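Colleague: Sequence:
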Amino acid sequence: MVKYKFNSVYNVSVERKIFSNNAITELSDTAFRKNPKLTLLEMGGNPITKVGGSTFAHLPNLKKL
543 MVKYKFNSVY NVSVERKIFS NNAITELSDT AFRKNPKLTL LEMGGNPITK
593 VGGSTFAHLP NLKKL
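Each residue of the sequence shown is one higher than the one before, starting from 543 at the first, in the numbering used here.
Heads up, a few of these hints could be off.
Said to hold, decoys possible - When the alpha-carbon atoms are kept at most 20 Å apart in a straight line, the in silico EDC-like pairs for lysine to aspartate or glutamate are as follows: (1) Lys547 with Asp571; (2) Lys559 with Asp571; (3) Lys606 with Glu557; (4) Lys605 with Glu557; (5) Lys547 with Glu584; (6) Lys605 with Asp571; (7) Lys592 with Asp571; (8) Lys559 with Glu584; (9) Lys579 with Glu557; (10) Lys606 with Glu584; (11) Lys592 with Glu557; (12) Lys576 with Glu557.
These aren't lab readings, by the way, just hints derived from the structure by calculation. Treat the numbers as computed from the prediction; the structure is a model and nothing was measured.
With the hints as extra help, turn the sequences into a complete structure.
Modeller: See below:
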């Protein structure tokens, strides 16, 4: 299996992001740093084994993960 580390995605105005079934194994601390309006994040179907301690700290509007 190919492993993918998810480092970051930048889009300040987007409210929904779907990253389902992408073989993502790691989420860095900065993965969603510049996405303050994000309310929905779908990550299902990824074999995530490592999540940074502050990965979701910059998502004050996140309602559904």
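Colleague: Now tell me if each hint is right for this structure.
Modeller: Hints, verified against the model:
1. Proposed proximity of lysine 547 and aspartate 571 is supported: the alpha carbons are some 11 Å apart, at most 20 Å.
2. With a C-alpha separation of about 17 Å, the suggested pair lysine 559 and aspartate 571 falls inside the 20 Å cut-off, and the hint holds.
3. Distance hint between lysine 606 and glutamate 557 is fulfilled; the C-alpha atoms sit about 11 Å from each other, no more than 20 Å.
4. A distance of roughly 10 Å separates the Cα atoms of lysine 605 and glutamate 557; the hinted pair therefore holds under the 20 Å criterion.
5. Of the pairs offered as hints, the one joining lysine 547 and glutamate 584 holds, with about 16 Å between alpha carbons and a cut-off of 20 Å not exceeded.
6. Distance hint between lysine 605 and aspartate 571 is fulfilled; the C-alpha atoms sit about 19 Å from each other, no more than 20 Å.
7. Between the alpha carbons of lysine 592 and aspartate 571 the distance comes to roughly 10 Å, so the proposed pair stays at or under 20 Å and holds.
8. In summary, the hint linking lysine 559 to glutamate 584 is supported, as the alpha carbons are separated by about 6 Å, within the 20 Å threshold.
9. Between lysine 579 and glutamate 557 the CA atoms are separated by roughly 5 Å; this keeps the pair inside 20 Å, and the hint holds.
10. At most 20 Å may separate the alpha-carbon atoms for a hinted pair to count; lysine 606 and glutamate 584 meet this at roughly 8 Å.
11. Between lysine 592 and glutamate 557, the direct Cα distance comes to roughly 24 Å. Violation of the 20 Å bound is thereby established for this hinted pair.
12. Restraint check for lysine 576 and glutamate 557: satisfied, since their Cα atoms lie roughly 12 Å apart, inside the 20 Å limit.
Hint 11 alone, counting from the list given before, is not met by this structure.
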